[in-house]
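Asker: Here's the letter readout for the chains.
Protein chains: 2
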Amino acid sequence: MYDILKTISGPEDVKKLSMDQLHTLSNEMREALFNRLTKIGGHFGPNFGMVEAEIAMHYVFDSPNDKFVFDVSHQSYPHKMLTGRWQGYVEDEHFLEDSGYTNPNESEHDFFNVGHTSTSITLALGLAKARDLKGMYENVVAVIGDGSLSGGQALAGLNVAGEMHSNFIILVNDNEMAIAETHGGLYKSLQDLRISKGTSPNNIFKTFGLDYIYEENGNDIESMIAVFEKVKDIDHPIVVHMHTQKGKGYEMAEQNKEAWHWCLPFDRKTGLPTVDFGQGENYLTMTQNYILEKAKADPKFVVITPAMPGSIGLMPEQREQLKNQYVDTGISEEAAVSMASGVARNGGKPLVITNMTFIQRAYDQISQDVCINNNPVTMVMNFSSFDGLTDVTHLGIFGLSTFINIPNLVVLAPTCVEEYKTMLDWSVDQTDHPVLILIPGNEPVHRDVDTTYEDLKYRIEQQGEKVAILALGDFYQRGQELAQAIEENFGFQPTLIDPRFASNVDEDMLKRLETNHEIVITLEDGVLDGGFGEKISRFYGAKPMKVKNYGLQKVFYDRYDPAKLLEELGMTTPQIIEEIKQMI
Amino acid sequence: MYDILKTISGPEDVKKLSMDQLHTLSNEMREALFNRLTKIGGHFGPNFGMVEAEIAMHYVFDSPNDKFVFDVSHQSYPHKMLTGRWQGYVEDEHFLEDSGYTNPNESEHDFFNVGHTSTSITLALGLAKARDLKGMYENVVAVIGDGSLSGGQALAGLNVAGEMHSNFIILVNDNEMAIAETHGGLYKSLQDLRISKGTSPNNIFKTFGLDYIYEENGNDIESMIAVFEKVKDIDHPIVVHMHTQKGKGYEMAEQNKEAWHWCLPFDRKTGLPTVDFGQGENYLTMTQNYILEKAKADPKFVVITPAMPGSIGLMPEQREQLKNQYVDTGISEEAAVSMASGVARNGGKPLVITNMTFIQRAYDQISQDVCINNNPVTMVMNFSSFDGLTDVTHLGIFGLSTFINIPNLVVLAPTCVEEYKTMLDWSVDQTDHPVLILIPGNEPVHRDVDTTYEDLKYRIEQQGEKVAILALGDFYQRGQELAQAIEENFGFQPTLIDPRFASNVDEDMLKRLETNHEIVITLEDGVLDGGFGEKISRFYGAKPMKVKNYGLQKVFYDRYDPAKLLEELGMTTPQIIEEIKQMI
Chain A
1 MYDILKTISG PEDVKKLSMD QLHTLSNEMR EALFNRLTKI GGHFGPNFGM
51 VEAEIAMHYV FDSPNDKFVF DVSHQSYPHK MLTGRWQGYV EDEHFLEDSG
101 YTNPNESEHD FFNVGHTSTS ITLALGLAKA RDLKGMYENV VAVIGDGSLS
151 GGQALAGLNV AGEMHSNFII LVNDNEMAIA ETHGGLYKSL QDLRISKGTS
201 PNNIFKTFGL DYIYEENGND IESMIAVFEK VKDIDHPIVV HMHTQKGKGY
251 EMAEQNKEAW HWCLPFDRKT GLPTVDFGQG ENYLTMTQNY ILEKAKADPK
301 FVVITPAMPG SIGLMPEQRE QLKNQYVDTG ISEEAAVSMA SGVARNGGKP
351 LVITNMTFIQ RAYDQISQDV CINNNPVTMV MNFSSFDGLT DVTHLGIFGL
401 STFINIPNLV VLAPTCVEEY KTMLDWSVDQ TDHPVLILIP GNEPVHRDVD
451 TTYEDLKYRI EQQGEKVAIL ALGDFYQRGQ ELAQAIEENF GFQPTLIDPR
501 FASNVDEDML KRLETNHEIV ITLEDGVLDG GFGEKISRFY GAKPMKVKNY
551 GLQKVFYDRY DPAKLLEELG MTTPQIIEEI KQMI
Chain B
1 MYDILKTISG PEDVKKLSMD QLHTLSNEMR EALFNRLTKI GGHFGPNFGM
51 VEAEIAMHYV FDSPNDKFVF DVSHQSYPHK MLTGRWQGYV EDEHFLEDSG
101 YTNPNESEHD FFNVGHTSTS ITLALGLAKA RDLKGMYENV VAVIGDGSLS
151 GGQALAGLNV AGEMHSNFII LVNDNEMAIA ETHGGLYKSL QDLRISKGTS
201 PNNIFKTFGL DYIYEENGND IESMIAVFEK VKDIDHPIVV HMHTQKGKGY
251 EMAEQNKEAW HWCLPFDRKT GLPTVDFGQG ENYLTMTQNY ILEKAKADPK
301 FVVITPAMPG SIGLMPEQRE QLKNQYVDTG ISEEAAVSMA SGVARNGGKP
351 LVITNMTFIQ RAYDQISQDV CINNNPVTMV MNFSSFDGLT DVTHLGIFGL
401 STFINIPNLV VLAPTCVEEY KTMLDWSVDQ TDHPVLILIP GNEPVHRDVD
451 TTYEDLKYRI EQQGEKVAIL ALGDFYQRGQ ELAQAIEENF GFQPTLIDPR
501 FASNVDEDML KRLETNHEIV ITLEDGVLDG GFGEKISRFY GAKPMKVKNY
551 GLQKVFYDRY DPAKLLEELG MTTPQIIEEI KQMI
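Just so you know, the sequences run in chain order A and B. Numbering-wise (my numbering), the first sequence opens with residue 1 and increments by one. Numbering-wise (my numbering), the second sequence opens with residue 1 and increments by one.
The shape of chain A in the complex, shown without the other chains (with noise of 0.2 Å):
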C-alpha cells in the first residue's frame, strides 16, 4: 500500500527516486492523508493542494540545509510525511505523535512552532538574514497562501524583501482561496496573474520590488521541479506563484472548498462526519440566529470578520442573507478591530467574530483604536476555554490576561444559555463601552439570572457564610459542585458567586464579602498570571482574608488532557476541599 512511502526516511530519499516513483509517491501520500484526515480530522484542502509541490521541494533543495517555512505551516504534512514522519500518517498508533503543525521538537526539518497566519515571509526573512551574517550560502524559502497574503504582516514582509540582496524564495500557493472565499483588491491581481499566465503588468509582488516567476501546474511535480531548479541559488529575493487547486484529488473537496478546508474525522464515501454532535442547541447556533435576526432588524448592525466566518459556523448561504451587513476583512484581524472602531464611533453596531487565539494579534488596535476612544465595538470570541483547541499556537487559555487589563475594556465571562444572550443584546445596543464576550465551551445549561449588565457588579448566586467561591464564566459549574461539597463536607452553606465581569473588580461586594467570611476563592479557565483571581487578592492583601486563586500556570501547554491537566494543577473538587481542610 505504502511501498514507496515506506521507504522515505529523508529528503535524500525522494532525490532517488525516478519520475514514475514520484507519481506514485504522491498517490501514496494522499491515500496517506486520507488514512488519517478519515479517522481525527485535520486540515484537509491545504494539503491535499500542496502534495505535488513539496515532493519538488525536497526533490531539488536540502532540507534542512535549505530551510522552508510554511505558513501557518497547516499545509506541511506531505512535508512532514517526507522528512521521517509518514508513521504519523499510515499508521494510526503515531498519529498523536505528529502535531498536525511544523514542530522543531520534531524533526530538524521544521524551523518554526507555526499555527497562526502570515509570518512566514518575515520568520524566513530572519533566518536569511542570520545565514548572510554568519557568511552562509542555503536556500531560505517562504510558503506562503491560502488566504494569509491579505494579512498585513505578509504585505509588510514583501516590503522588507523587497530591500534584499541575497538568496530569497517566497512561494505563493495561489489556490483562490483562503478558508472562506478570499477578499481584498489584491484578489483581483492574482487573478489578473493567473488569467496572464504571469504576465500582467498589474503585478502586485513587482510593486515591492520583487523578481517574479509564475507557474501554471502546481500540482504537477515535473513542472515544480522544473521550476525550483530554475530559482535554486538564486542570489537575491523572487517570488514564485504557483497555481493550485485546494482539496486536489478529493472531488467533495474540490467542488466545496470551504467546508473541506478542515474536516472532523469522517467517511471517504460519504464525506459525512462520523462523530456526533447531537442535535441540541449549541452556542455557535445560537450566535448565528442572533446575528440573522440582529441583522434584519436593525440596518446599522454589521458583523466584521478577519476571514473566520467558521469561528461560529456562519456558512455562505447565512453570509449572502446578510447582505452588506457582512464584512470579511481577508486575514487582517487589526483591520477588522480598527474598522470596527470606525464603525461604531459613526453610529454603526459592529460586532467582530473569530477565534481567541487570533484576535490578540488585534492587541494594540483593541487597545488604542478602540478602548482609547471607548467605542461600543462587541467582540465575540469562540475557542476561549481551556478544554477548546490544546495546540499549542491556539490555545485559548490566555485570552483573559491578555484583555482583562485593557482600561475601559469590559470582558463578560458568561456561565450559561440565559447570560450568553442577554450579553449579546445588551452588549451590542449599548453605546457606553467596548466589549469582549467569551463564547461558553461548556455544554449549553440553563440558568435563573440577571439580565442587567450597566452596573459592571458580580451577582451573588447562593448566599452563605465562611467561603465565598467567584466561580468565572466555563468554571462556574465547578463552583457550584464545589459549594456542595463544603457544604457536605464542613456542615455549612458557602457563598457562590458569578463575577459575569472578569474585568472588573465589584469592591463593595468583595468589602460586604468581610463580615461573615474567612476565605475566598477563585475559580478561572485562564493563566492566574495576570488574571481575574489576581485582582481579588490585590483586593484583600492587606486584610485578614485568607484568599486563594485556582487557575492555569503561566505556560505554554501543548495537546494536553484538560481532565489530567486539571488533576495536576490540584483543581478538581477533592482536592480543592483538602487544601480548605488547611486553611479552616
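What the hints contain is simulated information worked out from the structure, not anything from laboratory work. Some hints could be false.
In this list, chains with the same sequence are indistinguishable; a pair is considered to hold if it fits within one copy or across any two.
[Unchecked claim] With a cut-off of at most 30 Å between alpha-carbon atoms, the simulated DSSO-like pairs for lysine-lysine come out as follows:
1) K39 x K248
2) K300 x K232
3) K581 x K546
4) K134 x K296
5) K269 x K39
6) K457 x K546
7) K134 x K323
With chain A fixed as given, assemble chain B onto it according to the hints.
Answerer: Just chain B, lined up with the frame of chain A:
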C-alpha cells in the same frame, strides 16, 4: 500678524477666502507653527509639509459632515488650526489645550484619538461602512504617508478598500520619508510613480484594485483644490497620491528631514534646541555604545528596528557604521519581531529597539513567533516609565502588564547603570530566553550590584525585618527612600529587594520573608492590574503576610503631571508611611 488665521473659527471661514487670502493664510499658519514649535516642540516636518493640502481639504470638503482621518495624526496641526483651534498655536497660554494629535474631546472635526501608525485607512473604512449602512453619502478621507504605508495594517487596509463600492478617498502624502529614510521595496514603486507623474504601470495602489490619481504639487493650494474637487463625491474608492516636501518652509528642516521630524523647543535662527540636557551619561548613549561595540566584536549581532532608530537616538552615521548589522523593517513592529525570531533561530543575535508603546503592536508575534518558540530575541524598549511620554496614545505604563504574563518571556527592570549594562550583555549572549529590557527612565545612578541573571532570582539589597519592600525598576530609588523613612519613623530596618525580573516570582525568597516579616510592599511604575505586585499578592493570598501593592490604576491617563499623579494615588513616601502605620 495672524490677521486671517484669527478670523477662522471653522472650515466655513476658509471657504470664504480668495486665493490670495488662502496664500496669506498658509504663511500665517507656518508662522503659527513656528510660534508653537520653537516654544514647546512637537512634530515639525510632517506639519510644515501639509499646510497647503489641509487648507485645500477644508476649502473643498465639508468637515465634519465629510470626515477626515489622519494617520498617527501627528500631521494634523494645520487641520486643528482651521477647525477653531488656532489659539493653541498663536497664544502661548493656550498651547497645552491642544494635544498635538487629533482628539474628539477637542473638536467635532476629530474622529479618533490616534497616535500609532498605519491605522487611518481601516478606521476610515469603518466610518464609511457605517455611512453606507445608514444610507448617507458624505465623503470619507483617510490621510496616510510619512512612512506609515509600510505598516502591514495600512496595506491590509488598501486590500479591504479594494473591495468597496462607495465613496472612499485615500490621500497618500508622499514626502519620500518615514521618520528616518523609508525602507522597503514599495518605496521604489512610489518613486517610479513620482518620476512618471503617476503613469508607471508599476502601481501598487492599482494592484489592490484601487482607482488612482497623481498630483505632483502637493504644496500648492490651487493644485490641491483642483484635485480634491475632482474626487469629491466620487462613488468608489480612489487613491490621491500627492508629492509634498517634508519640513517645507524652513531650510534646515528641508535639508535634514529626519532630525526635523520632531523637535524640541528651538531657536529659529540657529535651529538649536533651547533646552539643555546636560553633558552627563545617559541610557540612550549607553545603548548606542553597546550596539556599536557589540556589532564590531560579534558579526552575528544585528539591530532590528521598526523604523524607530531614533527611539535610542541612533543617528544616520551610526547606522551606516553598522552596515548589514542594521535592519529597518519600515513601520512594522510585527515584521521586526518576527524577523528577529528567525535570526535567533538561525544562530544570530538580534536586538530589537523601539518605544514601549509601539511594541505592543507585535503582541502576537512576541507570544507566538518568539516565546512559543523560545527563541533568544532581545527587545530593548525606551519610554517604558510613567514619567516618559504622557500622551494617552504613547503611555509606557502598560508595558509591564502587557508582557510579563507571556510564558517564557523574561522581562528585566534595571535599577541602575551597572544593571542595565550587564543585563544587555547577558541577554544578547545567552540562548535560553527571549528577553525584554526596560530602558530606565530615571537619571543614571550607580550601585554595586550582582550581575548574574541565569537564576532569574530577586536580590536582597538590605536585609531587615518586619517590612519588606519589593521596588521594581525605576521605582527602586523610591524603595530606598521608603526604607529610610521606615527606619526613621518606626525605629527598625526594613528589608529592601531589587526584583530585577518583573516577569518572575522568586518563590524561595518570598517564603524566606515569611519568617520575620509581617508586611510586604510592592512598588512599580506600571498599572497594577496584571502587573508585578499582583503576583506577590497571589503568592501570599492564603498566608498571614499583609501585602500592599502600589502602582497605577487601570486608566488611560492623558498628559498627566507625574508628581501630582503619584500624590493622587497615595504613592508618595509620607503617604505610604501613613498606611504602614495603620497596618503595623
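Asker: Which numbered hints turn out to be false for this structure?
Answerer: The structure conflicts with no hint, since it agrees with every one listed earlier.
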